[in-house]
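For the sequence shown, my numbering begins at 56 and goes up steadily by one.
Please keep in mind that the hints were generated in silico from the structure rather than gathered at the bench.
Bear in mind that the values here come from a model prediction, so they are computed numbers and not experimental data.
Even glycine gets a Cβ: it sits at the ideal position worked out from N, Cα and C.
There may be inaccurate statements among the hints.
Within a straight-line C-alpha distance of at most 25 Å, the following computed DSS-like cross-link-like pairs (lysine-lysine) qualify [to be verified]:
1) Lys294 / Lys307
2) Lys698 / Lys665
3) Lys364 / Lys102
Just the calculated beta-carbon pair ranges, DEER-fashion [to be verified]:
4) Arg687 / Ser589: 32 to 38 Å
5) Thr604 / Glu149: 56 to 62 Å
6) Arg444 / Met277: 15 to 21 Å
7) Arg685 / Glu166: 52 to 58 Å
8) Arg334 / Val394: 41 to 47 Å
9) Gly73 / Arg389: 29 to 35 Å
10) Gly313 / Ala401: 51 to 57 Å
11) Gly142 / Ser589: 57 to 63 Å
12) Met277 / Leu199: 53 to 59 Å
13) Gly142 / Glu462: 56 to 62 Å
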Amino acid sequence: MERRKVDILCVQETRWKGSKARSIGAGFKLFYYGVDSKRNGVGVVLKEEFVRNVLEVKRVSDRVMSLKLEIEGVMLNVVSGYAPQVGCELEEKERFWSELDEVMESIPTGERVVIGADFNGHVGEGNTGDEEVMGKFGVKERNLEGQMVVDFAKRMDMGVVNTYFQKREEHRVTYKSGGRRTQVDYILCRRGNLKEISDCKVVVGESVARQHRMVVCRMTLMVCKTKRSKIEKKTKWWKLKKEECCEEFRQKLRQALGGQVVLPDDWETTAEVIRETGRKVLGVSSGRRKEDKETWWWNEEVQDSIQRKRLAKKKWDMDRTEENRQEYKELQRRVKREVSKAKKKAYEELYTRLDTREGEKDLYRLARQRDRDGKDVQQVRVIKDRDGRVLTSEESVQRRWKEYFEELMNEENEREKRVEGVNSVEQKVDKIRKDEVRKALKRMKSGKAVGPDDIPVEVWKCLGEAAVEFLANLFNRVLEMMDQLSEEVRQESPWTMMFADDIVICSESREQVEENLERWRFALERRGMKVSRSKTEYMCVNEREGSETVRLQGEEVKKVQEFKYLGSTVQSNGECGKEVKKRVQAGWNGWRKVLGVLCDQKISARIKGKVYRTVVRPAMLYGLETVSLRKRQESELEVAELKMLSM
Numbered sequence: 056m057e058r059r060k061v062d063i064l065c066v067q068e069t070r071w072k073g074s075k076a077r078s079i080g081a082g083f084k085l086f087y088y089g090v091d092s093k094r095n096g097v098g099v100v101l102k103e104e105f106v107r108n109v110l111e112v113k114r115v116s117d118r119v120m121s122l123k124l125e126i127e128g129v130m131l132n133v134v135s136g137y138a139p140q141v142g143c144e145l146e147e148k149e150r151f152w153s154e155l156d157e158v159m160e161s162i163p164t165g166e167r168v169v170i171g172a173d174f175n176g177h178v179g180e181g182n183t184g185d186e187e188v189m190g191k192f193g194v195k196e197r198n199l200e201g202q203m204v205v206d207f208a209k210r211m212d213m214g215v216v217n218t219y220f221q222k223r224e225e226h227r228v229t230y231k232s233g234g235r236r237t238q239v240d241y242i243l244c245r246r247g248n249l250k251e252i253s254d255c256k257v258v259v260g261e262s263v264a265r266q267h268r269m270v271v272c273r274m275t276l277m278v279c280k281t282k283r284s285k286i287e288k289k290t291k292w293w294k295l296k297k298e299e300c301c302e303e304f305r306q307k308l309r310q311a312l313g314g315q316v317v318l319p320d321d322w323e324t325t326a327e328v329i330r331e332t333g334r335k336v337l338g339v340s341s342g343r344r345k346e347d348k349e350t351w352w353w354n355e356e357v358q359d360s361i362q363r364k365r366l367a368k369k370k371w372d373m374d375r376t377e378e379n380r381q382e383y384k385e386l387q388r389r390v391k392r393e394v395s396k397a398k399k400k401a402y403e404e405l406y407t408r409l410d411t412r413e414g415e416k417d418l419y420r421l422a423r424q425r426d427r428d429g430k431d432v433q434q435v436r437v438i439k440d441r442d443g444r445v446l447t448s449e450e451s452v453q454r455r456w457k458e459y460f461e462e463l464m465n466e467e468n469e470r471e472k473r474v475e476g477v478n479s480v481e482q483k484v485d486k487i488r489k490d491e492v493r494k495a496l497k498r499m500k501s502g503k504a505v506g507p508d509d510i511p512v513e514v515w516k517c518l519g520e521a522a523v524e525f526l527a528n529l530f531n532r533v534l535e536m537m538d539q540l541s542e543e544v545r546q547e548s549p550w551t552m553m554f555a556d557d558i559v560i561c562s563e564s565r566e567q568v569e570e571n572l573e574r575w576r577f578a579l580e581r582r583g584m585k586v587s588r589s590k591t592e593y594m595c596v597n598e599r600e601g602s603e604t605v606r607l608q609g610e611e612v613k614k615v616q617e618f619k620y621l622g623s624t625v626q627s628n629g630e631c632g633k634e635v636k637k638r639v640q641a642g643w644n645g646w647r648k649v650l651g652v653l654c655d656q657k658i659s660a661r662i663k664g665k666v667y668r669t670v671v672r673p674a675m676l677y678g679l680e681t682v683s684l685r686k687r688q689e690s691e692l693e694v695a696e697l698k699m700l701s702m
C-alpha cells in the first residue's frame, strides 16, 4: 500500500476470527471481521491519516462490512464484500446479496459509497443493454454470478468502475490460477460520482496473494479544505527527573524573578513565569503525532529479502517458467524464515526489558497502546442534527450544541439581581501548615497529566521550600474565600450533598424533605433555572407502612428503591449487592483494557501479576473500602477474580 500509494484497501478471505482493529505497520490499520479462522473474513485497511476520520464501523457478517469516514466534510462509505463461490448454496448467495442491499439502503443518498469486493462472478466484455452501469472493458463472457453484480448495480444506481477504463488484458485480469485468467474482483461507486474516478487498473507484480491481484482506482474527492487544529506543543516537564535539569530550572527561574528566592504572592504572575522558564530550559514537544512503529523490528536484511521476493514474483508473472516459479517459492520460504527470526529476536529483547524495573512504565504504555489500537473509532468529532444527518463542519456542530442547550436550560423566569458585596465570616478556620503541604507533595506521584495550569507536581518538588511556602499561602487564601462564599450553605449536619448538578437532599422526615425541596425550587427559579420534575426522585430508607409520598408544588415525585450518586448505587434496604455487581463489571472492563499484556504468553507471570494488582483489582474494589459485604457478595468478587486469573 505504501509503495503503490494506496490509502484505503478492501481485503477478503482474511480468515481472522474476531471483530477488532489492529495496527499492521507503517501507519496502516486493519479493521476486520470473521467468525471462522479457516474460511471467509473481510476487512478494510486505512492509512494513518484516515484512521482518525472513522465515524462508524458496521460488521454485518464474515462476508460484508462497511466503514463510514468523514474527510474534510465529505462522508465516504467504504464497503468490503466477499461473495460466495460458484459452487456454494443458493441460500448463501441470496443472504450475501440481501446483506449488501441492507448496507446500501442504510446509507443516505447524499453520501459517497465505494465498494471493493470479490464478487466471484464475471460481468463479461461489452455492455450492450447495460450501458448505464458498466463500460465495455470486462473480461470474457458473463456468467450467472456476474449478472447478479450487474443487477445489484442497477438496483443501487452504481457503476462497475473496472469496466470503464480501456487497459491491456493483463491490467484487467484480477484472478490467475493455472490456465484460468478471469475478472472477479470489482470496484463499484455511485454513478453520480464516476467523474471523480480518474483511473482504475490491476496492479501487476505485487506478491499480495497467490491467485488474486490487487485492483487500484484513483478517486479525487471534491472537498472544502478546512483548517485542522494542530496538536498542542507540550513542555517536557519529565526532564525534571534529572538533577542537572532541575538545578538549571531553579537558577533560570530565580533569574526571571529578578534574583529573589521567594515566589511572588500573585498566582498568575508565578504560574506564567514557571511556564515560560520551563519552555526555555526544558524545551517543548514537536506537536507532531507519534509515528506508528509496528514494524520497528524490521532490519535491512528483512527488507532486502522482501524486495527480492517481490521482484521474483514480478519475474514469474512476466515469464511463467518452472525455473522462475521455483525461484519465487524458494525466496518466499526464505523470507518467512528471516521475518520470523528477526521478529522473535526483537520481541525477546523487548520482553527482557519489560521484565526489569526500568521497563515497567513501558509495559503500561504498551497495554494502553494495544487497547487503543483495538478500538474502531478513536475520536468522536461530529454529531447528528434533528433529522439524523451527520454534521461535519465546526460551525454546524457548535450551532447544534447551542440549540440543544437552549432547549435544555430554562430561561423563561427573570433572574434576580445579584447582591453586591459579601459579608465576612467571623468564624476562624485552621490555616494549612507548611508541614502539611510538604507531606502532601511527598505523597504525590510524578509523571501524572498536568491540569489547566500546565504545571505538574514535579515543578513544586523541584522548587523545594520556596514552593511549600508559596502553596501554603495560596491554599490559605483559597480557604478564606471559600469560607465567605459558603456562609449561607453551612448547617449543623451535611444534609445536602452537592457535586456539580447532582444534588441530594437528606432529611429525617417527609415534611423536612418537602420543605428543603421547596426552598431549592424557589431559589433556582429565581435565578432562571428550573427543577426537572421528571428527573427528580426520592427514596425512603427503613420505610414504615403508610408513609406518604413526597410532593413538589402539589405534584407527586417519583419513588425509587435505588439511585446512583457519583457512580455509586444506594439501595433503600441498605444492601450493596447492586454496587458489588457494578464493581465486578468495572473490573472486567479494566481487565479488557490490559488484555494485550495479560494474554501475552511471552510476558512473565510476575509482570502480569503487577499489572493485575495495579489496574484490574483497584477498579474492582474502588469505593468498597467502607462497605459491609455479605458472604455472597465476597464470593462474587472472588469468583470474578479467579476467572480473570485463570484466562
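Verification of the hints:
1. Between the alpha carbons of Lys294 and Lys307 the distance comes to roughly 15 Å, so the proposed pair stays at or under 25 Å and holds.
2. A threshold of 25 Å between alpha carbons decides the hint, and for Lys698 with Lys665 the separation of about 17 Å falls inside it, so the pair holds.
3. Under the criterion of a C-alpha separation no larger than 25 Å, the hint pairing Lys364 with Lys102 is consistent with the structure, at around 24 Å.
4. At about 35 Å, the beta-carbon gap between Arg687 and Ser589 stays in the expected band of 32 to 38 Å.
5. Between Thr604 and Glu149 the C-beta distance comes to about 58 Å, which sits within the given range of 56 to 62 Å.
6. The beta-carbon spacing between Arg444 and Met277, approximately 19 Å, falls within the hinted interval of 15 to 21 Å.
7. Range check, Arg685 to Glu166: Cβ separation about 54 Å, and the 52 to 58 Å hint holds.
8. At about 44 Å, the CB distance of Arg334 to Val394 agrees with the hint of 41 to 47 Å.
9. For Gly73 and Arg389, the Cβ-Cβ distance of about 31 Å falls inside the hinted range of 29 to 35 Å, so the restraint holds.
10. Between Gly313 and Ala401, the C-beta spacing of about 53 Å keeps the proposed range 51 to 57 Å intact.
11. Distance hint check for Gly142 and Ser589: the Cβ-Cβ separation is about 59 Å, which falls inside the suggested range of 57 to 63 Å.
12. Checking the proposed 53 to 59 Å range against Met277 and Leu199 shows it is violated: the Cβ atoms sit about 38 Å from each other.
13. The hinted range of 56 to 62 Å is satisfied by Gly142 and Glu462, whose Cβ atoms lie roughly 58 Å apart.
The structure fails to meet hint 12 from the earlier list, while all remaining hints are met.
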